[in-house]
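For reference, the chains in residue letters:
Number of protein chains: 2
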Amino acid sequence: MKHKGILVVVSGFSGAGKGTLMKRMIQAYDNYALSVSMTTRLPREGEEDGRDYFFVSKEAFEEKIGQDGLVEYACYCDNYYGTPREYVEEQLAAGKDVILEIEIQGALKVKEKFPTALLLFVMPPSAEELRRRLVGRGTETEEVIRKRLERAVEEARGIESYDYIVINDDLGKCAGELHSIVVAAHHAPFRNEGFIGNIRQELDVLVKGEK
Amino acid sequence: MKHKGILVVVSGFSGAGKGTLMKRMIQAYDNYALSVSMTTRLPREGEEDGRDYFFVSKEAFEEKIGQDGLVEYACYCDNYYGTPREYVEEQLAAGKDVILEIEIQGALKVKEKFPTALLLFVMPPSAEELRRRLVGRGTETEEVIRKRLERAVEEARGIESYDYIVINDDLGKCAGELHSIVVAAHHAPFRNEGFIGNIRQELDVLVKGEK
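So the protein sequences, as listed, match chains A and B.
The numbering of the first sequence is the working numbering, which starts it at 195 and goes up by one.
The numbering of the second sequence is the working numbering, which starts it at 195 and goes up by one.
These are computed hints drawn from the structure, not numbers from a lab.
None of the values given here were measured: they were computed from a predicted structure.
A virtual CB, placed ideally from N, CA and C, is assigned to each residue, including glycine.
Any given hint might turn out to be false.
Stated by the list, open to error - Straight line, CA to CA, 25 Å or less: simulated SDA-like cross-link-like pairs of lysine to any residue:
hint, chain 1, residue 1, chain 2, residue 2
1, A, K402, B, E336
2, A, K367, B, E396
3, B, K198, B, E280
To be verified - If we take Cβ atoms under 7 Å as the criterion, some of the chain A residues that face chain B in the derived model are:
hint, residue
4, V347
5, I353
6, H381
The task is simple: from the sequences and hints, build the whole structure.
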């Protein structure tokens, strides 16, 4: 199957500002579609089905797994989380660049199924700034913050598996850089085989005509 | 030697508009330096030493070759053409992205010496448009135009050796895309090893401090 859009997988430490960055991407540029995950956990206050997640039953989720209907999935704290394949493929076919926010294990699984997916890692400008942002939320206990930092240490080990890193210091600048990375990817020769083939044929015809 | 800048090699059919595009890049963005070639051919009217080429004697050129002072060189029509290494390395070390306009054989030689160089191929929107531009110059005979088209057929065979292609339809748009490609390249993990190493260390220290 030939995809016109690019699957853009975004990972990064908790507190790196991925959520805000994704919103900015959607607002600032019109070529993106955000993938919505499917989960069996219950909606939290303010969460909306189809916007934040597709909330489904365990049975419905396992049926999806059986149909190979998920790009990737995982189980955390007794709940399933996964990426429905259909929406992703529809949007890619329609020429949209699909952004998928996901942690590293999922990102690597996506890369297996979509080898041309772009893997991007969002980083805070410094570890101290990461800590400040986690504390600044004011909603987390010291224990949670410590766990997030420990998790960041873990995740930092996988950065080299990513195609690109971006540093989220200034939101607009970071969104611009992310966009540049996607624009660049569209210019790889393998994504322009049709155009290259056409111009080769046209050149051949022209040269023969000149003789 | 660690380079902070990126070596950007630009090739493309004669008539694809590389020269104008390079000028636009230099005007529109401040991170670029244009590499100036060295040649043993005589200056044409209006050409300036150090701007269009470094004009040197055959002996001086061959001395450069002997000192491994050229990134690449070739001999056309009894004249040498080459890229002085010193200027390129100075600019890269100073953090400039150095643009090198060169044909495919030279581009591949540069890639051997600088494996992290970015190879970009500039294409016209169509073969017919390429012909129109070659004819439109009004300075070339039909014979020259035919030879250029034949050469384009040759060069088109090598496009897959390039990292990216850009289509020069709208000058500003094309320059923007070229710039995006260079911006993206700066975000590859291997170009940010220092930053990644630092943040890993900082995270380790923070986590230990929290315990």
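Against the structure, the hints come out as follows:
1. Distance hint between A/K402 and B/E336 is fulfilled; the C-alpha atoms sit about 14 Å from each other, no more than 25 Å.
2. For the hint linking A/K367 to B/E396, the alpha-carbon distance of about 24 Å falls within 25 Å, and the restraint holds.
3. For the suggested pair B/K198 and B/E280, the alpha carbons sit about 15 Å apart, so the restraint of at most 25 Å is met.
4. Interface restraint check for A/V347: the shortest CB-CB distance to chain B comes to about 5 Å, inside 7 Å, so the restraint holds.
5. Below 7 Å, beta-carbon pairs count as interface contacts, and A/I353 has one with chain B at about 6 Å; its hint therefore holds.
6. A distance limit of 7 Å between C-beta atoms decides the matter here; for A/H381 the minimum to chain B is near 4 Å, and the interface restraint holds.
Comparing the model with each numbered hint stated earlier shows that all of them hold.
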